[in-house]
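Could you put the whole structure together from the sequences, leaning on the hints where they help?
Here the sequence shown is numbered in my numbering, starting from 682 and rising by one per residue.
Hints should not be assumed to be uniformly reliable.
Said to hold, decoys possible - Label pairs and their in silico Cβ distance ranges:
no., residue 1, residue 2, range
1, LEU878, THR686, 27 to 33 Å
2, ASP972, LYS800, 44 to 50 Å
3, LEU878, VAL940, 48 to 54 Å
4, THR1119, GLN938, 41 to 47 Å
5, THR713, ASN981, 27 to 33 Å
Everything labelled a hint here was simulated from the structure, so no lab data went into it.
Just so you know, even glycine gets a beta-carbon here, dropped at the ideal spot from N, CA and C.
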Amino acid sequence: MSYTTLAQQGLAAAEARNWDEAIDKLTTALETSKNPQWLIARSKALIHHKKFHEALNDANLAWHSAYDRNKRPLLVEAHYRRAVAYFRLGQYANADACCVYSMRLIKNFPAIEKEDPAKAKCDENGFYKMTLKDAQEESTTDEINRNKGPSVQTAEPANWKDWRIASTLRMQILFAMEKLPEDDPARKLTTSVKPELKELAGLADLGIADNKTPSATQTPAKPAVVDDSPPRIQEFQNNDTMSVSIFSKKVNKDKLQVVFKDDFVSLDSVVWPDGTERCLSFHTWGPINTDTSTYRVTPNKVELTLKKKSPGMWKQLKKDGDNNITSSSAPNEETEKLKLLKEARKKAMDAANASSEATSTVQEDEATIIDNNGKGKPPASPESSSKHPASSKTETKNWDTIGADIDSDEEKDVNVFFKKLFKGATPEQQRAMMKSFTESNGTSLSTDWDDVKDRKVETVPPEGVEAKKW
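Quick look at the structure:
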């Protein structure tokens, strides 16, 4: 098999997140040609193996290879991969500097500038003085993110999305760095726009076993650990919109339910890296407009377009303290509430359906009492005091028997769900729950008072059931 074929297979494996296969095949191909694209892909795979120093070396080598071949887009990617590696190593000043190098290349600055733009951000002792606020102001006022009027037709750089991705990474880097003392080693700038060059590392140097020629006496490999990490998320933003790509393959778009709340997004369900279908949810950094936010499902990912309520750049996608995306196996409070709301609504409608069926059954049973000769036998019932006029003048109906066959546990379960939600809700949420549940005849339950206070909540029966006025 040719080395180019191996390289293509390695790139495909990296795209499919098969990191071991990607490293194995790309390493073999790189022994013949130090292609910068292959080095960038292997650097990414090594990050997922937590081989951060090795990933940095590959990114540095990719920069030199791209520079020798005059490949500016690959220089941009190489600097970005350097930033990721430095970030994972906890070297925040170096990480932000590499983001700056990448973003300036996109804006057509020289690959090697006379004065290093990152060193201009250091004090006399070499400590990085850039702050998160400075970066946010730069991002907001930059021409790429500047709002353009309808008459302005300024063309954006070809790879402006890469600029915004690097800008988002900067916010994460500087947010982490702000928590450190001013003289912390992580604030010290030790890198430059032209990185250190080292020799290409083989599988043995990477500390990864070569699986091509297993020995007969080789110890059997341990079962692969199931990847329980959440789907990969990539985001970029402008003043009005946060665009989010959730890399999840073969999501059933007919089954997927996406819920937009004021500062919360839930997707039920997407395909996780381990192949299971689970819920994914997170709290957003700022409030979003739930009416204009949208989503789109493609074969390889789910794309969210979150419309910001207030224009401006967010520090990051998720709210502080909400770094772990939740799944249905460990639902957060908001996901649990949504689940309980669904179950309460279903049980309420089941009870309503059972009541309707019981009414029909009683009517049919009474009709069969009349024999073929027209001789009526009134239904025997000791509780005649509860009878009321029916549609016929000569027949009566015992209304106490209607719904007698409904399982009392159903009603009990509905009350349990309702009480559980009601007890943990705020007074405003409790008002919303009472109003929505009552007006909708038990088919809707809302905790958003702003949504229901000025309107009548309509009856929304589940699919296949028709709501009737009695």
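We went through each hint and held it up to the structure:
Take LEU878 and THR686: their Cβ atoms lie about 28 Å apart, and the range 27 to 33 Å holds. Between ASP972 and LYS800 the Cβ separation comes to about 47 Å, which falls inside the hinted range of 44 to 50 Å. A beta carbon spacing of about 50 Å between LEU878 and VAL940 agrees with the range 48 to 54 Å that was offered as a hint. In this structure, THR1119 and GLN938 break the distance hint of 41 to 47 Å, their C-beta atoms being roughly 25 Å apart.
Taking the beta carbon of each, THR713 and ASN981 are about 30 Å apart, inside 27 to 33 Å as hinted.
Hint check: a violation occurs at hint 4 only; the rest are consistent with the structure.
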